[in-house]
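Take the sequences, apply the hints, and build the full model.
There are 2 protein chains.
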Amino acid sequence: MQLTQYTDFSLRTLVYLAIQPERETLCRIAEITEVFGLSSNHVSKFIHHLGKLGYLQTVRGKNGGFKLAVKPVDINIGKVVRQLENTLQPIDCGLGPCVFLPACKLKGALGEAVNAYLAVLDKYSLDDIITNKSDLRACIATIPTVVELL
Amino acid sequence: MQLTQYTDFSLRTLVYLAIQPERETLCRIAEITEVFGLSSNHVSKFIHHLGKLGYLQTVRGKNGGFKLAVKPVDINIGKVVRQLENTLQPIDCGLGPCVFLPACKLKGALGEAVNAYLAVLDKYSLDDIITNKSDLRACIATIPTVVELL
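As given, the protein sequences belong to chains A and B, one line each in that order.
According to this note's numbering, the first sequence is numbered sequentially starting from 298.
According to this note's numbering, the second sequence is numbered sequentially starting from 298.
Just so you know, these hints were derived from the structure itself, not from any lab.
It should be emphasised that the depicted structure is a prediction, and the values quoted were computed from it without experimental measurement.
Be a bit skeptical, because a hint or two may be false.
Output of the computed footprint for chain B on chain A, the stretches with three or more beta carbons under 8 Å from beta carbons of chain B [as the list claims (entries may be wrong)]:
hint, segment
1, 364 to 374
2, 391 to 400
3, 431 to 437
All C-beta atoms in this analysis are idealised placements derived from N, C-alpha and C, irrespective of residue type, glycine included.
Below you can see the structure in the form of structure tokens.
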């Protein structure tokens, strides 16, 4: 019942971008790859997706890259999870397919549980997740930024 | 954020066993394999696990098999999910490992969401899931029982 790694690393990246001090350069794929130990192929996919969803402003070209396009207070964690998870179905009734499908009450109970899960996340904005910004910045203080990486 | 297939099919099997009419024979692996379209290897693992957890009474030998060892009203869905899921951690912070680990508030929010998910399931017993027993029985009426399978 874990979030997919895709959603997990997308959220971590939003946190990373939200705690950046004022900087002249945009963030680039190579920086996220370095920070989270991911392949650039993996990172490219969710950066593109977050851009399409309007959370990132992306700029092409030599000095291109991306940054948050929305204030952290306007990024709702529940909404992001709903947008990025490949399914919100609690189980896959199509597996089998399940013989109990026409009369199943299990799916109803599990669906109610998923709704309760999402309702908790709906209470949180990205801003709530970075209230300890200086502690979070300390976590990445030793990581080279894109300037040093290039 | 789906339940694992292991938990999913364990729950389906508990439903299947709970709606059985009075029968002289015990259920066998082959019957569950047939009903849910699973490999016997897969079924054997969760049947053994459900037995170890005390939910099933298992009998070895030629006329052996298994049946519920506990009344459906005494089987709590939240408890079963906690026992069968291989992790209740909402994300795997060990992946990377995550640079934000010492100061992360995301994990707290996601953990609160998982607790809300489980709290909903804690309200349900297996008995609540089979209140429409006759409808559920109709779903499996055309499936051969172990007697016909052997």
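Status of each hint after checking the structure:
1. 364 to 374: Violated - the segment 364 to 374 of chain A has 1 residues with a Cβ nearer than 8 Å to chain B, which falls short of three.
2. 391 to 400: holds (count 8)
3. 431 to 437: Three-residue rule met by the segment 431 to 437 of chain A, so holds; n is 5.
The structure does not agree with numbered hint 1 stated previously, though it agrees with all others.
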